[in-house]
Amino acid sequence: MGGRTIRVIRGFTTARYVMAVFAVAAATGLRLAFEPLLGSNAPYIIFFAAVVVVRHLAGRGPALAATGMGLICAWYFFLEPRFSFVVEDPGAIVSLGLFAGICVGISLLEPRDRRRSGRIARAWLEEEFAAPVEKSTMRRIAMLAGSALALGILASLLWTGFKRSTEAERLVEHTYQVLDAAGSVRSHLERAQTAQRGYLLTGDQYYSDVYQAAIASERAAAATLRLLTADNHGQQVLLDEFDRQWRSRLDMVANGIEVRRQQGMAAAAELAHANRGKERGDRLRAILDAVDDEERRLLHISTMAASAADSRTRWTLGVGTGSLVLLLILAGAAIERQIQERHQVEKVLARQARLIDLSRDAVITADGNRVITGWNSGALEMYGWTEEQALGKTAHELLHTTASIPTAEMDGILAREGRWEGELTHTRSDGRQIAVEGRQVLQRDEAGRPIGCLEINRDISDRKAAEAALREGQEEFRMLANAIPQLCWMANADGWITWYNDRWYEYTGTTAEQMQGWGWQSVHNPEALPEVMQRWSDSLATGERFDMVFPLRGRDGVFRPFLTRVMPVRDQGGRVVRWFGTNTDISEQQRTEDEIRRLNAELGQRVRERTAELEAANKELEAFAYSVSHDLRAPLRGIDGWTLALIEDFCGQCEKLNGKGRGYLDRVRSETQRIGHLIDDLLQLSRITRAEMHRDAVDLSRIAETVAARLREAHPQRRLEFAIRPGLKAFGDTRLLDVALTNLLENAVKFTAPRTPGRIAFESVESEGKPAFVVRDNGVGFDMAYAGTLFGAFQRLHSESEFPGTGIGLATVQRVIHRHGGRIWAEAEPDRGASFYFTIAEQK
Amino acid sequence: MNNQKTILLIEDNTSDVDLTRRALEKGRIGNQLVVARDGEEALDYLWGERAFAGRDVSELPAVTLLDLKLPKIPGLEVLRRIRTDARTRRLPVVILTSSGEEQDLAAGYDLGANSYIRKPVDFIQFTQAIGQLGLYWLVWNEPPPAVKQPSQTSAV
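Chains A and B supply the protein sequences, listed in that same order. Per the numbering used here, residue 285 is the first one in the first sequence, and the count goes up by one each step. Per the numbering used here, residue 614 is the first one in the second sequence, and the count goes up by one each step.
In short, the hints are calculated from the structure, not lab data. We put the beta carbon where it would ideally sit given N, CA and C, even for glycine. Any given hint could be a false lead.
To be verified - What follows is a list of derived Cβ distance ranges for each label pair: (1) A:874 <-> B:693: 55 to 63 Å; (2) A:888 <-> B:757: 49 to 57 Å; (3) A:976 <-> B:757: 53 to 61 Å; (4) A:935 <-> B:693: 39 to 47 Å; (5) A:999 <-> B:693: 36 to 44 Å; (6) A:935 <-> B:638: 45 to 53 Å; (7) B:757 <-> A:947: 43 to 51 Å; (8) A:892 <-> B:693: 49 to 57 Å.
Between the sequences and the hints, there should be enough to build the whole structure, so can you do that?
Okay, structure coming up:
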């Protein structure tokens, strides 16, 4: 709270109390104005009204003040006896007590709840609102000064009026005293004359005594009269004359009395008759009358003056009271407006206070001694202490403040510089320590004494933890960056390199100073550098990542190829904020790649050589097969032909040749033909192996049907029943699959020779989750013990005489199936038929 | 049987020549069998050159039986030349060979062979084949018309 703020509040308070004074003054005035009507009745009624008004407009304090002042005024002005604090009637004491009690009650009555409006907020924002409020305060002070002046003038006028009235009354009183005194002189004079006369006549001592007493009394009265009229010169002159007359008269009387005593009664009587006693007495009376007349004239003047003063006072009172009422109304309006403003401010304050309470920061106010006076909900939340617990303590003792510097030093800085900012450690109510960012501002009064302190603290434990985590992360990053075998570095968005890992310096043998920014160019090959610069500039301009291989010079002066990859690091808006680059030594890799290339080239060469060799071998094989096909058969045909010629031409003529010889010749022919078949089958097997594959969708069922038809035709004498499931398809080479099926079906026909009918089936089954084809027959079957040799070339399970064959058929079938990526196997039992299964790889 | 018509057998194997001749006889085909022992001789005969100079080349054989494996000029080359020369372009040529190789079959037909017979090892079958072949080409087959070529006469 600044000095300025306090002045404003004091101004407020003053205005409110001035209003109380005004109200009581106005009430007094009004009551005085109603005096002729009310007399001494209802001395308090108007003061009740004043207290109620003050309570409503100015609040509790001023109302209590008005109560006190009203009590005094009523007591002094309106309780009998008036204008004094003397109380004669015990009922008046009771009535005073009642008045005081009721008014205190009215004052303490709480019209509405205005208690909670954020102490801290008020402290802060009253300062904020101080400037505008101050302006109206100046106006108000001027108004108050005017009002006070008017009140002073009114009071002095009233005072003068009252004084004048009192003076007039005093003068009337005085006049009556003078008249009394004059009357008294006159009567004592009469008594003295009468007593003197009696003595003169009688000579009786009694009369002489009476006369002496009367003279003494008259002297006393005359002295009183002289005293009373001391302020009136004319009267003093008359009294001087009176005294002179009186003394000559007294001499005469004394002479008369002496004459009577010495000469007797007659002389005295004669003297009494002779002298002019009577004349002298009349003269004395005439002077006294003149004094009376003067006094009566003065009385008249005084009475007139008193009446005029009364009327003036009444006017003054009326006008003054009217003015006071007017002032009261104006003041009331002004105060009402201020109160409205105040409410407005309080409303803002309350809103701001709510905002401050919404703040998660701890906002703490303290007085000049650092004793806490305000504690927001942020502080409650942050420290766990409630406002009630916190108020009256200092923050240091409540929160066990520790900082990097001793708290005393901290307070010293605050006292010296008026503010302190820094990080603190505070202990919460639950004993947990929290890191706090604190700001403390000291407030001073005009004399520079600290009167308050505002402390705003923020819990930065999370931030500290995050910072620590970040530091740790950075530490880990550095460790990682220095652990990897790559060189790596970071650059600003503009390509200025700010950091290299240790590996960079180890490899290049440079220092951080040499490398900073664009220093890296010194370890580049000057020939490669322009392209590197170009590509790097392009990446910097576009924000695209950079990938390039270029040589870097090592500390040994040798350039080694490095694969360099630079990734842009972007912020949330996608802007490049940093570049992160790595250089990976790929000399080893390149050596390896070169080696691989060399080996590949060698391998290719070798493969080409081998392929050529293989091709040559294949050509030879083909040539061989061709020769076999052509040249081997030709002599066989010759042997067969000439053997037959021998049989045809000579067997009939030669007895020997016709018997056993004929049998031998027939055997020559059959062996020859067997060799012919063998050659044909071998050629087919060879062809199957060499033939190029043309894979396509193949309808196996149709092939089987065609083969079956051919076989039926070839064996018209046999009853053959083929059961061929239609629609069996595979993906393969039609010609080769034709060969395979032909061989299998021919085999089936051959081995069902003893059966009538020979039943042969071609269908599909499932084997190990894949489709398999099967050719079954009801033929002679075989012993599974020999199944292993079944598919080898020249392998036979039956004798030639029983079932003719070369033993190459199944070998051929197996080769076809293998070339199709399939598998072939057989199941059989002697005399129970055989089943040949095969699979063909799916289309890729 | 038209005995003027000749059969040209181009074959180097004596045994096969004799067996062929025997088979023709067995088939009662008495036409003249001209045998050329190699491809060159065959072409000389057909075109009336060298040893056969002066032969009337307009007298084309009714059918030519061509073996593929021949000395000097192989059978398929012989066929190619026969077909490229205008005089022999239409000459019926039957390939008679031991080879059952697919590429031979394909090449033979591609070069314009009129038929392709694989000699069976079994001589009975061989005899049947030759007999039917002779009968077909000599009796039933209408020979192609002679090709008139002015250059031909001048060349002789």
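Unsatisfied constraints (hint numbers, rising): Hints 3, 6 and 8 are the ones this structure does not satisfy, whereas the remaining hints hold.
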